[in-house]
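Asks: This is what each chain is made of:
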Amino acid sequence: GAGVSQSPSNKVTEKGKDVELRCDPISGHTALYWYRQSLGQGLEFLIYFQGNSAPDKSGLPSDRFSAERTGGSVSTLTIQRTQQEDSAVYLCASSSSGTSAVAGELFFGEGSRLTVL
Amino acid sequence: GNSVTQMEGPVTLSEEAFLTINCTYTATGYPSLFWYVQYPGEGLQLLLKATKADDKGSNKGFEATYRKETTSFHLEKGSVQVSDSAVYFCALISGSARQLTFGSGTQLTVLP
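Listed in order, the protein sequences are those of chains A and B.
Just so we're aligned: 76 in the numbering used here is position 76 of the first sequence, and the numbers increase by one with no gaps anywhere.
When you read off a place in the second sequence, starting at 1, and then add 117, the result is the number in the numbering used here.
Treat the hints with care, since some could be wrong.
[Stated by the list, open to error] Here are the in silico distance ranges between beta carbons for each label pair:
1) A:96 <-> B:169: 14 to 24 Å
2) A:59 <-> B:193: 30 to 40 Å
3) A:66 <-> B:135: 40 to 50 Å
4) A:74 <-> B:229: 16 to 26 Å
5) A:44 <-> B:171: 48 to 58 Å
[To be verified] Calculated from the model, a selection of chain A residues having no Cβ within reach of chain B, i.e. all distances over 10 Å:
6) 27
7) 63
8) 64
9) 69
10) 76
11) 87
12) 88
13) 96
14) 115
Calculated from the structure, these hints are not laboratory results.
The beta carbon of each residue, even a glycine, is placed where N, CA and C say it ideally should be.
All chains, full assembly: derive it from the sequences and hints.
Replies: And the structure:
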């Protein structure tokens, strides 16, 4: 597609359930990022994929969070045993270059709003 | 580590008013600085950027100047429009980091 596509746009789940959030980046973009946007807070970095390199998982808040990127394209963020504090908007972004310090131009999807009851 | 501090919102202005949204940063090395904007119902998009000291980024009537001496990158616009209503995020990337560090965002509402 023309832009970054995320699904679902909204997800309501019960505490303790697992959820999967999907991101389809812009075709040809080698870098893919996941961020979390909580109410009243900035964007919190979660994980970064660049080509075939090992992902940078340094932002994942706990071992309940994991992500994979298959075939260098689509990515799935999985949250196991969800907690109420996981409620947030999860944003995916892609970039044509993730290795330049001046790249900085990320293309964001509209996000997946997760509500944990 | 890297961090970005933004002026807290929300900010409400009348159309044609002057806008300033303050942004200061802490970074290792020499960062590149960015302003992103999130319009209602849309994803974040890059508004402008500056990659070295004294550079001025500009777009859509918005400007920001990279001030190394004050570690600031304040966003300004001389005459805002209702269509500028959005959330504005200041961000940086620095050193060996591969991800942007964002501020907390400032909600701007422009009234007709």
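Asks: Confirm or reject each hint.
Replies: Tested hints:
1. With their beta carbons about 21 Å apart, residue 96 of chain A and residue 169 of chain B fall inside the hinted range of 14 to 24 Å.
2. For the hinted restraint 30 to 40 Å between residue 59 of chain A and residue 193 of chain B, the CB-CB distance of approximately 31 Å keeps it satisfied.
3. Taking 40 to 50 Å as the suggested C-beta distance range, the pair residue 66 of chain A and residue 135 of chain B conforms, at roughly 47 Å.
4. Taken as a hint, the range 16 to 26 Å is violated for the pair residue 74 of chain A and residue 229 of chain B, whose Cβ atoms sit roughly 42 Å apart.
5. For residue 44 of chain A paired with residue 171 of chain B, a C-beta distance near 31 Å fails the hint of 48 to 58 Å.
6. For residue 27 of chain A, the condition that its CB be more than 10 Å from all CB atoms of chain B holds, with the nearest at approximately 17 Å.
7. With a cut of 10 Å on Cβ distances, residue 63 of chain A stays outside the contact zone with chain B, its closest approach being about 20 Å.
8. Every CB of chain B is more than 10 Å from the CB of residue 64 of chain A (nearest about 21 Å), matching its label as outside the interface.
9. Residue placement check: residue 69 of chain A keeps its beta carbon more than 10 Å from all beta carbons of chain B (closest about 14 Å).
10. Every Cβ of chain B is farther than 10 Å from the Cβ of residue 76 of chain A; the closest lies at roughly 18 Å, confirming the non-interface assignment.
11. For residue 87 of chain A, the shortest C-beta to C-beta distance to chain B comes to about 17 Å, beyond the 10 Å cut-off, and the non-interface label holds.
12. Taking the minimum C-beta to C-beta distance to chain B, about 13 Å, the non-interface status of residue 88 of chain A holds against the 10 Å cut.
13. With a closest Cβ-Cβ approach of about 13 Å to chain B, residue 96 of chain A is found to remain outside the 10 Å limit, as its non-interface label requires.
14. Look at residue 115 of chain A: its CB is around 18 Å from the nearest CB on chain B, clear of 10 Å, so calling it non-interface holds up.
In summary, the numbered hints that this structure violates are 4 and 5.
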